[in-house]
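Chain order of the listed sequences is A and B. Position one of the first sequence corresponds to residue 1 (the numbering used here), numbered consecutively onward. Position one of the second sequence corresponds to residue 1 (the numbering used here), numbered consecutively onward.
Hints may be right or wrong, so weigh each one.
Claimed, not checked - Just the calculated beta-carbon pair ranges, DEER-fashion:
#1 A:P75 <-> B:P174: 14 to 24 angstroms
#2 B:R165 <-> A:G104: 18 to 28 angstroms
#3 A:D163 <-> B:S250: 41 to 51 angstroms
#4 B:A63 <-> A:T168: 19 to 29 angstroms
#5 B:P218 <-> A:S252: 47 to 57 angstroms
#6 B:A30 <-> A:A209: 19 to 29 angstroms
#7 A:G104 <-> B:V79: 44 to 54 angstroms
#8 B:T105 <-> A:A253: 50 to 60 angstroms
#9 A:A30 <-> B:D25: 35 to 45 angstroms
#10 B:A245 <-> A:A209: 47 to 57 angstroms
#11 A:D33 <-> B:A245: 51 to 61 angstroms
#12 A:G104 <-> B:A30: 47 to 57 angstroms
#13 B:A32 <-> A:A26: 49 to 59 angstroms
Said to hold, decoys possible - Counterexamples of contact, computed for chain A against chain B with all Cβ distances above 12 angstroms:
#14 A24
#15 E48
#16 D62
#17 T65
#18 G123
#19 A189
No lab work stands behind these hints, which were simulated from the structure alone. Note that the structure is a prediction, hence the values are computed from the model and not measured. Beta carbons: idealized from backbone N, C-alpha and C, even for Gly.
Number of protein chains: 2
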Amino acid sequence: MLQVWPLEGIPEVRPGDDLTALIADAACPALADGDILVVTSKIVSKAEGRILHADDRDAAIDAETVRVVASRTSPSGHVTRIVESRLGIIAAAAGVDASNTPHGTVLLLPEDPDASARALAAGLRERLGVRVGVIVSDTMGRAWREGQTDAAIGAGGVRVFEDLRGQTDAEGRPLVVTMPCVADELASAADLVKRKAARLPIAVVRGRAELVGDLDLPGARSIIRPAERDLFHTGSAESYAEGFAAGAASVSARP
Amino acid sequence: MLQVWPLEGIPEVRPGDDLTALIADAACPALADGDILVVTSKIVSKAEGRILHADDRDAAIDAETVRVVASRTSPSGHVTRIVESRLGIIAAAAGVDASNTPHGTVLLLPEDPDASARALAAGLRERLGVRVGVIVSDTMGRAWREGQTDAAIGAGGVRVFEDLRGQTDAEGRPLVVTMPCVADELASAADLVKRKAARLPIAVVRGRAELVGDLDLPGARSIIRPAERDLFHTGSAESYAEGFAAGAASVSARP
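The shape of chain A in the complex, shown without the other chains:
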């Protein structure tokens, strides 16, 4: 049985806050070995002071953007930009957020969410004496499917994949699905108890204790597919345009 519940009593987080202490105070004595905390990246960003004092969300997006992956202007003029951020994550708006942050500010993603997750896990293990894992989560859209789900952008002391390669099913046939991304599933499960309009940025997942491990386990960065193996590294229209230009140039260049 899996149990997922939100941590109550987390105050508004400000730059410089000791997030480990805030969580420990709110969680104790409820945490046990094998519990996994799913912490919304927003409060990690706030504690780390990753706040831009500007209303200019677009400028913040540009600053975080390494590469524009795809872009579309709706009939009404609304521009959707899917970009690759500094963290290698492909998502709309590079993860820059203008909600749940004071007016006149925008939030950037944490500097290094895996490092943040590890630090939180280490700090909570030491402070509370329980062997917990930490996921730093963010809300993302996805290709081909409407709406958003929460996924893992940081992980400390918790496996991000189950490795079922080489295992067989009940009838001895090799499993086809071999790498469940449990970190993303944990993030999604946690989102079901958080409320976007309320202050419930942390949830605890209990029931998969065997996923919790040493602090040097691979982080959520390992979930990102390398571009050379990504069949959708660039949007369809953008790829078509690149190809068109190259095709035209190839014919023009003929003697």
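Given chain A's structure and the hints, the job is docking chain B onto it.
For chain B alone, coordinates are given in the frame of chain A:
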């Protein structure tokens, strides 16, 4: 608090089995109003006889494929084909499955997973007298991220999205994330208690009772983004190739 647990006592499912009866027998008296059952599409396919008596997984994939979205041959010669299936779902191998099915057979996706989900929800409501919702789930890879997660391919009597459009956060700012895909998050949460190598194809999620509603709510088909609004409707390499051919042709056609 959210609770997720697997249903024990589901036997091997065979074509023609009454899935409603099997679930009701295994679940009673544990289900309550507002519970959401997440049923792996495999057993829906089995009950519906969606079994091809052939070892030819590739032929089955071709039969279910409407369009090849992207394709890649690894250095070792392994071919990955991302296709759009008859159901509009974009995934590797069109959802055809050669595991957890008897040797010499492959499983196709259900004919109409939304209809299956609705029928299960209706049947369980009538048989057990509890107002439950049903998600039919399948395991899928995704763009840009390694590994697989479970997502909803059918839904009956349960909302697939939370609609937060127009809502504000604790500080009065409009929410940026407005359409959590709760159906996919429920599927992912359920996957955390299922074991791919064991026979645990159904899980119950309790704690989001307000998501359960009338049987005529939109199904999981509404999660699929229409191709004309999908920035990744075709793979990068395929789009480039199309553009190249068109660009070359456009120059060649000049007088």
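Inset, instruction - Run the structure past the numbered hints and jot down the numbers of the failing ones, going up. - result: Those not satisfied are hints 13 and 19.
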